[in-house]
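Protein sequence lines, in the order shown, are assigned to chains A and B. Numbering follows the working numbering, with no gaps: position 233 of the first sequence is 243. Numbering follows the working numbering, with no gaps: position 246 of the second sequence is 1513.
Read the hints as simulated data drawn from the structure, not as lab findings. Don't be surprised by glycine CBs; every beta carbon is placed ideally from N, CA and C. It cannot be assumed that every hint is accurate.
For each label pair, taking beta carbons as the anchor points, the in silico distance ranges come out as [to be verified]: (1) B:Asp1271 - A:Thr85: 39 to 45 Å; (2) B:Lys1387 - A:Asp81: 24 to 30 Å; (3) A:Glu157 - B:Ala1412: 24 to 30 Å; (4) B:Asp1271 - A:Arg58: 28 to 34 Å; (5) B:Lys1387 - A:Thr85: 31 to 37 Å; (6) B:Gln1380 - A:Thr47: 24 to 30 Å; (7) A:Asp81 - B:Asp1291: 55 to 61 Å; (8) B:Asp1408 - A:Ile104: 56 to 62 Å; (9) B:Asp1291 - A:Asp44: 41 to 47 Å; (10) A:Val266 - B:Lys1387: 38 to 44 Å; (11) A:Val72 - B:Leu1389: 19 to 25 Å.
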Amino acid sequence: MSVTHIGNTLTNWANTLTGWPGRQLIKNILYVIDLVTFSMLALRDWFRKNKLLDSRSYSTTVAQIIFTGVDALPTITFLGLATGFIFTFRLISISNTLGGVDDIINLLITVICLSAGPFLAAIIIISRTGSAIVVDLGNMKLHGEIEALENLGVNINDYLIAPRIISTAISQLAITVYFTVIALLTGILISAVFVNPTHFDFIFKISNSITPHMMSIFVVKNIIFGYVIATVACYNGLRVQCSATEVPQRTTASIVQSLSFIFVIDSLLTFVIFV
Amino acid sequence: MLNDAIIQCRQLVPEELPFEYHGDALDFEIGKGEVISIIGPDYSGKGNWLRTICGLEHQLSGSVKIKGINTLNISEEDWTLTRRKVAYLHEDIALLSAANGLVNVLAPAIYHQLDRINQKQLLVKMALELLEEIDPDINLDDLPAYITKDHQFKIAIARALLLQPEVLALNNPFAHFNPDSKHKFQAFLKNQVKKGLSLLIVTHDIDYALDVSDKIIFASRDNLIFFDSAQAMLNCDLPMVNQFIHHPENKDRF
Chain A
11 MSVTHIGNTL TNWANTLTGW PGRQLIKNIL YVIDLVTFSM LALRDWFRKN
61 KLLDSRSYST TVAQIIFTGV DALPTITFLG LATGFIFTFR LISISNTLGG
111 VDDIINLLIT VICLSAGPFL AAIIIISRTG SAIVVDLGNM KLHGEIEALE
161 NLGVNINDYL IAPRIISTAI SQLAITVYFT VIALLTGILI SAVFVNPTHF
211 DFIFKISNSI TPHMMSIFVV KNIIFGYVIA TVACYNGLRV QCSATEVPQR
261 TTASIVQSLS FIFVIDSLLT FVIFV
Chain B
1268 MLNDAIIQCR QLVPEELPFE YHGDALDFEI GKGEVISIIG PDYSGKGNWL
1318 RTICGLEHQL SGSVKIKGIN TLNISEEDWT LTRRKVAYLH EDIALLSAAN
1368 GLVNVLAPAI YHQLDRINQK QLLVKMALEL LEEIDPDINL DDLPAYITKD
1418 HQFKIAIARA LLLQPEVLAL NNPFAHFNPD SKHKFQAFLK NQVKKGLSLL
1468 IVTHDIDYAL DVSDKIIFAS RDNLIFFDSA QAMLNCDLPM VNQFIHHPEN
1518 KDRF
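Excised from the complex, chain B in its bound form (with noise of 0.2 Å):
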C-alpha cells in the first residue's frame, strides 16, 4: 500500500456500466510519477471505470479516494480539489467555443486564481511555454471551430495541466491524431511522468500500453484482471487476455 497514493480505489465497481457486470472489483492505487493503463475489448466499459476511479460517476460498491478524500457525499470545496487534482480528458473534450485557443488555456487557471500565485504575465508565460512543449504549431488565435480536432485536444491537454494535476486521466487520447503527431504527443507525456505526473490512460495502442505502463487493468465484459507490471500481463496464461495482446484485430469477440 503506497503512502502517498493519489488515488485509492477499494472494491470499486461502476454503476453505470452498460452491461451486467458479475466479475472482480477493483482495489489498486496510483502514486507520483506512475503509468497505469487500462485496455481491453471495445464496449466493455473501460470509460465507465476510469471515469469512477476519477470520482466522475457513481459507484455500484466500493470506494474512491482522492488525496484521502472519499468522493462518495463530497463537499463542494473538495470536489474543487480533487477536480484539480486529477485531471479527466475524453477524445472529443471540448473548448470554450466563444474564446481562442490561448484564452481557454488560461480561463481556468485565472477561475482558480493561480494568476494570484504567479501573476497574470507569469501564467501567460507557463501556458505558452507549455503549449510550445506540446505542438508549436497550434494556432492560439483562431476560435476552436477553426482548429483541428487534434491541436483541440492539445489545446484542452494544456489547460488541464496549467492548473497542475498530480494525476491526469486520458480517455483514448490517441483517437484524432496521425502516426506522426501520435508519437509527438506520447514523448511529451512521457517527459511529463518524468517530471512526477502520473499517468491513467484508456487506451486502444497495446504497445503503447505495454511500453509505458508501471501497472495494466485489463477490463472485459465478463472481469477485470489487474497487472503489476507489463511484463505481468505479457506472461498471463488466461487464454482472453493472451488472445487480446497478441491478436487485437480479435478483440470485439470478449
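Only chain A is shown next, with the shape it has when bound in the complex (with noise of 0.2 Å):
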C-alpha cells in the first residue's frame, strides 16, 4: 500500500468524520425552514380568507381550544397542585432560612410562572394534543379523507392547519396561566395554614412583582411553545403517505422532535432574556 494511498484514506476519514456533522447541521437548518415555512403558508391562507372572529373554519378552532385547553385540565389541575406542593409551598416555608420575601418572590416568578409551568403545560399538550394531531391528521391523509376535501375546493391550510396551530398557542397560554395560578395558590395557602398565617402576604406580594417586561415574556414563550408543537403535529401528520405503519413512526418523530425544540427554544429565550 503506498503512502498517497493510506494519505488518500485518511483524508477521506477526516473528511467523513467532520462532514457529518455539518451535514446533521445543514439538514436540521433544512427542517426548522421547511416548518417556518409551512407554518407560514398555511397562516396566510387562514388570515387570507378569513375574519379573526369571523372565521370559517370557526369550528375547527372551537374544538381544537375545547380538547387542547379544556379536555387537559384536570392533568394540569392534578400537576399544578403537585408542583405547589413540591416547590411553592417548600419555598416560601424556607423563605425565613433563604433570606429576603424579595429573592424567594424573584424565584417563584423565574421558576414557577417563567420556567416550571410554560415546560410542564408543553409537555402535557405535546403527548395529549401533539400526538392526537398527528394520528388524526396521518389518518385521514391515510383514508383519503384529505384529498377528498381538496377536491371539493377546501383548502386544508385554511381548514385543517392553521387553525390547529392558533388554537394550540392560545391552549398552551391559558393552561399555563392556569397553572400558574395553581400552583402559585396551592404553594401560599398551604404555607399560610400550616406555618405561617402571614404567608397569605404572598399573593399580593408575587402580583405586584410580576412587571409588564415578565408578563410579555410569559405570553410570548408560550405562544411559541403552542406553536411550535402544533406546527411540528401538523407537519409529521401530512408526511404520511399511504402505509397504517407510518401513524405511529411520524407520532413517534413528533413527540421527540417537539421536545427538542421545545428544549431548544427554552434555552435561547432564557439566554437572550436573562443574559
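Could you fit the two chains together into a complex? Lean on the hints.
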C-alpha cells in the first residue's frame, strides 16, 4: 500500500468525520426552514380568507381549543397542585432561612411562572394534543379524507392546519396561566395554613412584582411553544403517505422533535432574556 | 363547438396512464345537462382520463378548460372555483371519519360560506331534502365507520351536490350498490340531469351508459374513440367496440 493511498484514506476518514456534523446541521436547518415555511403558508391562507372572529373554520378552531385546553384541565390541575406543594410551599416555608422575601418572590416568578409552568404545560400538550393531531391528520391523509376535501375546493391549510396552530398556541397560554395560578396559590395556602398565616401576603406581593416585561415574556414564550408544537405535529401528520405503520412512526417523531424544539427554544429565550 | 361549454378538452392525453399510449388524443366538450360516459375494458385507464378531464391529473399533451379556466398553472382562487363547478367522486370516496353523516354533508358548504348566502337553517333544510331524495333510509347520526359503503357514497354525493356543481364526475359509482338501490340511485341521477346537472361518468354498466348517455367515450389501451351518440356506438363496426358492447365478459381481452 503506497503512502499516497494511505494519505488519501486518512483524508477520506477525516472528511467523513468532520463532514457528518456539518451534514446533520444543514439537514436540521433545512428542516426548520421547511417547518417555518409550512406554518407561514398555513397562517397566510387562514388570514387571507378569514377575519379573526368570523372564521369559516371557526368550529375546527373551537373544537381544538376545547380538546387542547378544556379537556386537559384535570391533568393540569393535578400537576399544578403537585408543583404548588413540592416547589411553592417548600420555597415559601424556607423563606426565613434563605433570606429576603423579595428573593423568594423573584425565585417563584422565575421558576414557576417563567420556567416550570410553560415547560410542564408544553409537555402535556405535546403528549396529548401533539400526538392526537399527528394521528388525526395522518389517518385522514391515509384514508383519503384530505384528498376528498381538496377535491371539493377546501383549502387544507385554511381548514385543518391553521386552526390547529392558532388554537394550540392559545390553549398553551391559557393552561399555563391556569397551571401557574394553581401552583402558586396551592403553595401559598398550604404554607399559610400550616406554617405561618402571614404567608398569605405572598399572594399580593407576587402579583405586585409581576412587571409588564415579565408578562410579555410569559405570553410570547407560551405562544411560541404552542405554535411550534402544533406546527411539528401537523407537518408530521401530513407526511404520512400510504401505510398505516407510518402513523405511529410519525407520532413518535413528532413527540421527539417537539420536545427537542421546546428545550432549544427555552434555552435560547433564557439566554436572550436573562444573559 | 358549444358556446356555454363547462369543460373543454383539446388534444388531451393524460400523463398518468399506467401504460404507454399511442392512440388518439381527446377533443370534446360538455355542456349543461349532458351525460357523457367513459366505458371500456378493465385497466384501460378510464379513471385517468376522467381525472385528467376534471383537472385533477396532469396532461401529457393538450389542454383542459373548466368554465374557460385552463387547468394548467391554475391559481388558488381558480382551483377553488373549478372544484366547486366540477365535483369528482370515485367509488371509495372518503367522508370525514370524525363527523356524522349530516355534518359531513354540511362541512364543505359551510367552508364555502353557502350558509351566508342561504342562512344556516336553510342550508340544513336543503341538505336534508337532498338526502331524502337520494335515499330516505340513510342514518345521518352515525359516524361513517358505522354506515354502509353505499350510504357513504350517497352522503358523499349529497355533500358534492350541496355545493351546486355544474358537472358531477363519477368514477365507477355503482360499485357498492345492490340491484335495487342501484336503480333508485340511477333514477335520482336522471332526475338531477333533468334539472340541468351534467354527468361525466366512468362505468362498467354498459346498458346504463348506452341508455342515458348523450355522448360516449370508448377507452382502450390502444386507442380512444369518441361517439356523438349511443346510437353511433351501436352502429360502429370496429371489432373491438362491437365485441365489447355485445360481449362485455370478454372485455379484458382488449
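Hints, one by one, checked against the model:
1. B:Asp1271 - A:Thr85: 39 to 45 Å: Hint violated: Cβ distance 60 Å, outside 39 to 45 Å.
2. B:Lys1387 - A:Asp81: 24 to 30 Å: With Cβ atoms ~26 Å apart, the hint holds.
3. A:Glu157 - B:Ala1412: 24 to 30 Å: The hint (24 to 30 Å, Cβ to Cβ) is violated, given that Glu157 (chain A) and Ala1412 (chain B) are roughly 18 Å apart.
4. B:Asp1271 - A:Arg58: 28 to 34 Å: holds (31 Å)
5. B:Lys1387 - A:Thr85: 31 to 37 Å: Given range 31 to 37 Å: holds, Cβ gap about 35 Å.
6. B:Gln1380 - A:Thr47: 24 to 30 Å: holds (28 Å)
7. A:Asp81 - B:Asp1291: 55 to 61 Å: holds (59 Å)
8. B:Asp1408 - A:Ile104: 56 to 62 Å: Holds, at about 59 Å.
9. B:Asp1291 - A:Asp44: 41 to 47 Å: holds (43 Å)
10. A:Val266 - B:Lys1387: 38 to 44 Å: With a Cβ separation near 43 Å, Val266 (chain A) and Lys1387 (chain B) satisfy 38 to 44 Å, so the hint holds.
11. A:Val72 - B:Leu1389: 19 to 25 Å: holds (23 Å)
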